[in-house]
Amino acid sequence: MKGRNEIAQALAASGYIADADLATAISLMQLLRRPLLLEGEAGVGKTEVAKALANVHATKLIRLQCYEGLDQSSALYEWNYQRQLLAIQAHRGTDSIEDQIFSEKYLLERPLLAAIRRAQAPVLLIDEIDRADDEFEAFLLELLSDFQVSIPELGTIPAITIPHVVLTSNGTRELSDALRRRCLYHYVDYPDVDREARIILARIAGASPSLSLQIARMVEGVRKEELRKVPGVAETLDWAAALVGLDIRDLHDAPETVHETLICLLKTHEDRSRVTPEVTQRLLGRVA
Amino acid sequence: MSCCGSSPEFDDLNEVSRLVSARLAAFLRTLRDAGFRVGLAEGQDAAALMAAGYAARPGLLRAAFKHLFSARKSDWDKFDGLFDAFWLGKRVRSRSRTMGSTQGANSPSLKGMQEARVEQGGAQSAFDQVPTSNDAPDGHGGEGRMEGASRAENLAEVDFRKLADPDQVAQAHEAAAHLAKIMRTRLTRRDLARRRGYRLDLRRTIHRNISHGGVPISLVKRQRKDKPLRLIVLLDASGSMSMYTAVFLRFIHGVLDEFFEAEAFLFHTRLAYVSDALKEKDAGRALDRLSIMAQGAGGGTRIGESLQSFNRWHAARVIHSRSCVMIVSDGYETGDAELLGREMAALHRRCRRIVWLNPMMAWKDYAPEAKGIKAALPHVDLYAPANTLNSLRALEPYLAKL
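For the record, the sequence lines run as chains A and B.
Heads up: the first sequence at position 176 corresponds to 175 in numbering that gives the first Met the number 0, and the numbers run straight through without jumps.
Heads up: the second sequence at position 106 corresponds to 105 in numbering that gives the first Met the number 0, and the numbers run straight through without jumps.
Just chain A, with the same shape it has in the complex (with noise of 0.2 Å):
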């Protein structure tokens, strides 16, 4: 097991930026082989931290979406079933075509099945696991505490490895007791100012300490002006890239530029225009 200051190095040598209370998480994930369930706003960057987590397993991201609707079949496994037909057309006549149809040949794997089936434990992100319906979560259990699925035609399908699983939401559902109860939970909360200026730091090609302090300062200032879309993480990346992109080192050289690239940050046409120029004035004023 890898102590939370290893654990945080090798998530900052992937890109990720984690507090030390995300790397205990992720530490304890490890020792108690728990899935993690990471809960907080849009855009705060819990889907990063599972590629960051497979960077530094150096090993395969296995991403499931969850949508609402999103059954067994699509999550886990579905036989071919053109394969089958045509299987069944070539070998017509013969008694055990029905004993070949249903093997391994005709299985089509979905993440989940590929996620406990692979030879190194893999990282398998369930994203937005809110957006899913209360079915799905209950099937889901099962598979999370016991690593095993069965397969009506080919019995039960032990894992091969147990992956490190990250489970992601965004809170807009209230999820069950009994899967909240078999993940370690953390709950992810927007950077501060020192450590967004640090992920800018570190993932943005070009960025000076002294811009990125400025342009994590800007934005948590934006944060707290009434917004219906909060900028998240990923936005912050995208001005900062813009502003790099734009030659721009200090947010006070070019207050005009600073506004206009502000649509990086905000998505709607009412923040769009709440935030005036005036607006942004003052907030540059705050930005040492």
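Derived by calculation from the structure, the hints in this document are not laboratory data.
None of these values were measured; they are calculated from a predicted model.
Don't be surprised by glycine CBs; every beta carbon is placed ideally from N, CA and C.
Incorrect hints may have been included.
[Said to hold, decoys possible] Below, a list of computed lysine to any residue pairs in the SDA-like style, where the Cα atoms sit at most 25 Å apart:
#	chain 1	residue 1	chain 2	residue 2
1	B	LYS72	A	PHE138
2	A	LYS228	B	ASP200
3	A	LYS223	B	ASP76
4	A	LYS228	B	ARG348
5	A	LYS59	A	ARG130
6	B	LYS72	A	ARG179
7	B	LYS72	A	LEU283
8	A	LYS228	A	THR279
9	A	LYS104	A	PRO157
10	A	LYS228	B	ARG352
11	A	LYS228	B	SER320
12	A	LYS104	A	PHE146
13	B	LYS220	A	ASN79
14	A	LYS223	A	ARG179
15	A	LYS228	A	SER272
16	A	LYS59	A	GLY14
17	A	LYS266	A	GLY39
18	B	LYS77	A	ARG194
19	B	LYS77	B	ALA21
20	B	LYS72	A	ARG130
21	B	LYS220	B	ASP200
22	B	LYS77	B	PHE35
23	B	LYS77	A	TYR189
24	A	LYS266	B	ARG221
25	B	LYS72	A	ALA19
26	B	LYS72	A	ALA86
27	A	LYS228	B	ASP76
[As the list claims (entries may be wrong)] Which bits of chain B does chain A cover? Going by a derived footprint, with three or more residues having C-beta under 8 Å, they are:
#	segment
28	39-47
29	199-211
Following the hints, put chain B in place on chain A, whose structure we already have.
The following block gives chain B in isolation, referenced to the frame of chain A:
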């Protein structure tokens, strides 16, 4: 930290581990008492962590336990306080759940209200304060206790007495429960479309007919899936609504009792989240708890600010695409009416329907002239009276179509 690490007084390791186990068990009990859902598996993992060396480092142990035992944001927020209180003997400040105001449960108004309630004998709720037909035969008996009732005196004579009768109240409760049952089982428009468009489940049909060479002899139909509608009730508990509050508390408890997915909030000059109180199985106790909040400051109504709090702090969590927000209010806004309009617009974008129930609509000559209700109405899908049992029943066909 009294439990963690090896104590010099105990040479016998078994004795130490026994003490640690006992202390850990006590901590788990404390967590359960505080509403954490902690099972045996978590307890075992906690013990494993302590044995793995976490016990020697309190800061790390706290972080580890926090991830292990928390299951939701509310747990996450209160864990550190509980941990410190238990293991480090620090005092924990209790926090109010009232949002959008610096005043909490200890605010003078609420405190005074609670004290007053104790003086009344503790068990008496707002509902109990509704005069019965015996002590107010002419219907005016309760006026002395109703703050801000002047504007609504006429209305009190119309329907207040009716619902003060225990039988009528019971009927209201039943009507609410019946409504809830119907609403819950209704399909949403999307489900109806899905039913019409994809009656046959092709994938499963092919699967089932593989053994017939793919000839679809046995057909599989798509199963209809009932999806519960989520209901969010925002009840105005201000002075001008005080005569109705008690009755609506009954109504809402009846509705939420049947609803799988429902949340309730009360507002007057600020917003209070009351779903927890409604989860009380015992209706009497639930109403007791609610009534404390329902009485509120009894003064003005800041609907706009309350909605702002709701949109900012709760909406993302409680509203989804099949949500109906039911606002029960007379729309007398003592705050900023423009703000109310803006917040209603924001709310309307999020949810499927906004139903505004206004008890005053049944008034003769009533017109929605107040600034608040005027600002809100453009964003309301259904504006209906709700002052009698029949008016509640009349809502049924509309709500059933949601």
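Do the hints match the structure? See the list:
A threshold of 25 Å between alpha carbons decides the hint, and for LYS72(B) with PHE138(A) the separation of about 24 Å falls inside it, so the pair holds. Restraint check for LYS228(A) and ASP200(B): the C-alpha separation of about 39 Å exceeds 25 Å, so the hint is violated. Restraint check: the Cα-Cα separation between LYS223(A) and ASP76(B) comes to about 21 Å, which is no more than 25 Å; the hinted pair holds. Restraint check: the Cα-Cα separation between LYS228(A) and ARG348(B) comes to about 13 Å, which is no more than 25 Å; the hinted pair holds.
For the hint pairing LYS59(A) with ARG130(A), the CA-to-CA distance comes to about 24 Å; that is within 25 Å, so the pair holds. Of the supplied pair hints, the one linking LYS72(B) and ARG179(A) holds, its CA atoms being roughly 11 Å apart against a limit of 25 Å. Our distance criterion of 25 Å between C-alpha atoms is broken by LYS72(B) and LEU283(A), whose separation comes to about 33 Å. Using a Cα cut-off of 25 Å, the hinted pair LYS228(A) and THR279(A) holds, with the two alpha carbons roughly 17 Å apart.
With a C-alpha separation of about 18 Å, the suggested pair LYS104(A) and PRO157(A) falls inside the 25 Å cut-off, and the hint holds. A hinted pair counts as satisfied when its Cα atoms are at most 25 Å apart, and LYS228(A) with ARG352(B) qualifies at roughly 21 Å. A C-alpha spacing of about 17 Å is found between LYS228(A) and SER320(B), which places the hinted pair at or below 25 Å, so the restraint holds. Our distance criterion of 25 Å between C-alpha atoms is met by LYS104(A) and PHE146(A), whose separation comes to about 22 Å.
Restraint check: the Cα-Cα separation between LYS220(B) and ASN79(A) comes to about 20 Å, which is no more than 25 Å; the hinted pair holds. Annotation: proposed proximity of LYS223(A) to ARG179(A) is violated, straight-line Cα distance about 31 Å (limit 25 Å). Proximity of LYS228(A) to SER272(A) is assessed by CA-CA distance (about 13 Å); at most 25 Å being required, the pair is judged to hold. This hinted pair checks out: LYS59(A) and GLY14(A) have alpha carbons roughly 17 Å apart, not beyond 25 Å.
At roughly 19 Å between alpha-carbon atoms, LYS266(A) and GLY39(A) fall within 25 Å of each other, so this suggested pair holds. Distance hint between LYS77(B) and ARG194(A) is fulfilled; the C-alpha atoms sit about 24 Å from each other, no more than 25 Å. Annotation: proposed proximity of LYS77(B) to ALA21(B) holds, straight-line Cα distance about 23 Å (limit 25 Å). Simply put, LYS72(B) and ARG130(A) have alpha-carbon atoms about 18 Å apart, close enough for the 25 Å limit, and the pair holds.
Using a Cα cut-off of 25 Å, the hinted pair LYS220(B) and ASP200(B) holds, with the two alpha carbons roughly 5 Å apart. Distance hint between LYS77(B) and PHE35(B) is fulfilled; the C-alpha atoms sit about 10 Å from each other, no more than 25 Å. A distance of roughly 19 Å separates the Cα atoms of LYS77(B) and TYR189(A); the hinted pair therefore holds under the 25 Å criterion. Between the alpha carbons of LYS266(A) and ARG221(B) the distance comes to roughly 39 Å, so the proposed pair goes past 25 Å and is violated.
For the hint linking LYS72(B) to ALA19(A), the alpha-carbon distance of about 18 Å falls within 25 Å, and the restraint holds. Distance check on the hinted pair: LYS72(B) and ALA86(A) sit about 53 Å apart at the alpha-carbon level, beyond 25 Å; violated. At roughly 24 Å between alpha-carbon atoms, LYS228(A) and ASP76(B) fall within 25 Å of each other, so this suggested pair holds. Coverage of a stretch by a chain is defined here by at least three residues with a beta carbon nearer than 8 Å to that chain's beta carbons; for the segment 39-47 of chain B and chain A the count is 4, and the condition holds.
Residues of the segment 199-211 of chain B with a Cβ under 8 Å from some Cβ of chain A number 5, which satisfies the need for three, so the listed coverage holds.
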